[in-house]
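Here are the chains, one letter per residue:
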Amino acid sequence: MRRGQTVILNLVAVAALGGFLWLAEGNFDGYKIQILNLIAINIILALSLNLIYGFTGLFSLGHAGFMAIGAYICSILIMTPDQKDMLFLLEPAYDWVQNAQAPFLVAVLAGGLVAAAIGALVGFPLLRLGDDYLGIATLGFAEIIRVLANNFPRLTNGALGFKGIPDYANLWWNFGWCLVTLYVIVRLLKSNTGNVLKAIRDDEAAARAMGVNVFRYKLLSFTVGAFFAGVGGALLASLLTTIDPKMFLFTLTFNILMIVVAGGLGSLSGTVMAGIGITVLLEWLRVVENPVDIFGYELPGVPGMRMVVFSLALIMIILFRREGLMGMRELHWQSLFKVFSRGRA
Amino acid sequence: MNSATFIQHMLNSLTLGSLYALVAIGYTMVYGILRLINFAHSEMFMLGAYFVFWGITLANLPWPVAMVIAIVVTATLGVVVDQVAYRPLRDAPRISALISSIGVSFFLQNVAIVFFQAIPREVYRPQWLENPIIMGGVRVLPLTLFVPLLSLALMLGLIWIVYRTKAGLGMRAISKDIETSYLMGVPVNRIIALTFGIGSALAAASGIMWALRYPQLQPIMGTIPGFKAFIAAVFGGIGSIQGAVIGGLALGFIEIMTVAFFPDLAGYRDAFAFVLLIAVLMFKPTGLLGERLEDKV
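Quick note, the sequences are listed as chains A and B, same order.
Sequential numbering of the first sequence, starting at 1, is according to my numbering.
Sequential numbering of the second sequence, starting at 1, is according to my numbering.
Bound conformation, chain A alone (with noise of 0.2 Å):
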């Protein structure tokens, strides 16, 4: 297939969804759309893991973290110094997060590009280490940002968190930042770059014997994911309107882990699919939790049945398909052709 044919499909297929996201706004209900947003800003996290650990093999457990930051800066920028004057009951806030206010892309932008710079400050030390000893040690710096957030309340309000942080994040928005992060990340995956990272992936020693700069990659996989995290972060932030360190514990970084191992390590149409499919089991599965009335039964609802059927899910998807949705390969308007003729034929 030419790649000008790819081009114009790849169009079409951009002004679907924003058909399909028109209709949605005129239609839905305001609990689908939500589950629209969800979707989006999951898959936008999802992938930014996926480019770090499916793609480079850097398995990082540090995504609740990159989010956290990305989320107090967000909501830092985009709240009115009056809200911040309300807000901060414990202790005033330091002067720069009183007055800082910024427009919602300039906000979002900050925090990814905060998270990213954090990320290559930490990934300088930590990339040196090995499969395990890296996710424990990604997975203490979340922890960190954690304990910091609730010991800093003039930075960021202590335990109490934000509270009526403008909801600027709307479907336009989230899926905007998620096609942004599709491009990028089919670009840098698609360059050279792309197969360096596959390499090192493969077989680190073998990539360092072709005088690879092994952990130069590393680091870029790693600052790009911390970037898309902190975005992700961000449009969360707007679209709960609420946040606080509890938000930001390893369970977010565990359903974004589902995601991907769902999809399949290194298939990013996988990661889509799963982000899909995940984000909408996870909140058809409240019904779960919720007291059901069942021809005049009353079915007390189960607090925890969620995750439990969850990470009963995840149990089994290693056992039994390890490989995922989708393993390594990728969906592509070729491999979509080649089903659908030969179904005709």
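Calculated directly from the structure, the hints in this document are not laboratory data.
Treat the hints with care, as some may be off.
[Said to hold, decoys possible] SDA-like, lysine to any residue: derived pairs with alpha carbons at most 20 Å apart:
1. B:K284 with A:K246
2. B:K284 with A:D85
3. B:K284 with A:G130
4. B:K284 with A:R128
5. B:K284 with A:K198
6. A:K246 with B:F272
7. A:K246 with B:P120
8. A:K198 with B:I95
9. A:K246 with B:R94
10. A:K246 with B:G267
11. B:K284 with A:D132
12. A:K246 with B:A271
13. A:K198 with B:R94
14. A:K198 with A:F215
15. A:K246 with B:T223
16. A:K198 with B:R269
17. B:K284 with A:Y133
18. A:K246 with B:R269
19. B:K284 with A:P125
Given chain A, work out where chain B should sit, using these hints.
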């Protein structure tokens, strides 16, 4: 700070440290054999404490009996988890088993929320652990002596198993070289199951004593002590039992003493361990007593 308070702080850090050490041993044994960070280990700690609670509440068992039964049940559960969730992944990439263990951890934690409910529960404490005794002008709770002594007894038992029995010989053989152990006729899978059983039993014992010290049960109570115990294991040198004990005691000491001398830092208490972890990994990744693991090409 006078000497009486100092002695009390010392006893407290000994208590906390030996609780960390017991959990750290389980992490270090499993890592030494399978190179797996067993995230589900911290749930054994939590379940042990809950089993005692239910043994006393539902079956009216006396405390020591409930404790023994809880340890046995938790050990069995540890073996089951290994057989179901880790054994099929022995030949898979190492990270697969790690992800599986994260899944098991969340699963057990949420099963506990479903069955035991998330409300914190008060723990029964035997009276003889409560009445303070005066020793040379220092007021001491029997509990702060009971915990280190029982831990010491358990550790001596463990060392006897590892260094004086055939099963222990098997464990040491597997941790040196699992392939060769197969060839030499070591019943590898049975030994690994035993390792999980012993590790879980020690974690349960630690959880039960933790519940005496901080008498509130919650399904998430295992997470933070679990992380800290793992860090203790890394600090001491992962794979080494002595290292885990030293690491646990050191971490308990650092935590109690920092808060005692710098009360302002109390809010950062949970971050100390992680800072220590990152520092150890950067400057001495093998820990105090660990062996160097070469990357195989």
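Here is how each hint holds up against the structure:
With a C-alpha separation of about 32 Å, the suggested pair K284 of chain B and K246 of chain A falls outside the 20 Å cut-off, and the hint is violated. Distance check on the hinted pair: K284 of chain B and D85 of chain A sit about 46 Å apart at the alpha-carbon level, beyond 20 Å; violated. A threshold of 20 Å between alpha carbons decides the hint, and for K284 of chain B with G130 of chain A the separation of about 14 Å falls inside it, so the pair holds. With a CA separation close to 12 Å, the supplied pair K284 of chain B and R128 of chain A stays within the 20 Å bound.
A C-alpha spacing of about 29 Å is found between K284 of chain B and K198 of chain A, which places the hinted pair above 20 Å, so the restraint is violated. For the hint linking K246 of chain A to F272 of chain B, the alpha-carbon distance of about 19 Å falls within 20 Å, and the restraint holds. A C-alpha spacing of about 18 Å is found between K246 of chain A and P120 of chain B, which places the hinted pair at or below 20 Å, so the restraint holds. At most 20 Å may separate the alpha-carbon atoms for a hinted pair to count; K198 of chain A and I95 of chain B meet this at roughly 17 Å.
Pair hint K246 of chain A plus R94 of chain B does not hold up; C-alpha atoms about 30 Å apart against a cutoff of 20 Å. Restraint check: the Cα-Cα separation between K246 of chain A and G267 of chain B comes to about 15 Å, which is no more than 20 Å; the hinted pair holds. Between K284 of chain B and D132 of chain A the CA atoms are separated by roughly 16 Å; this keeps the pair inside 20 Å, and the hint holds. With a C-alpha separation of about 15 Å, the suggested pairing of K246 of chain A with A271 of chain B holds against the 20 Å cut-off.
A hinted pair counts as satisfied when its Cα atoms are at most 20 Å apart, and K198 of chain A with R94 of chain B qualifies at roughly 18 Å. This hinted pair checks out: K198 of chain A and F215 of chain A have alpha carbons roughly 14 Å apart, not beyond 20 Å. Taken as a hint, the K246 of chain A and T223 of chain B pair is honoured in the structure, with Cα atoms around 14 Å apart against an allowance of 20 Å. Between K198 of chain A and R269 of chain B the CA atoms are separated by roughly 39 Å; this puts the pair beyond 20 Å, and the hint is violated.
Our distance criterion of 20 Å between C-alpha atoms is met by K284 of chain B and Y133 of chain A, whose separation comes to about 13 Å. Under the criterion of a C-alpha separation no larger than 20 Å, the hint pairing K246 of chain A with R269 of chain B is consistent with the structure, at around 16 Å. For the proposed pair K284 of chain B and P125 of chain A, the alpha carbon gap of about 13 Å is at most 20 Å, so the pair holds.
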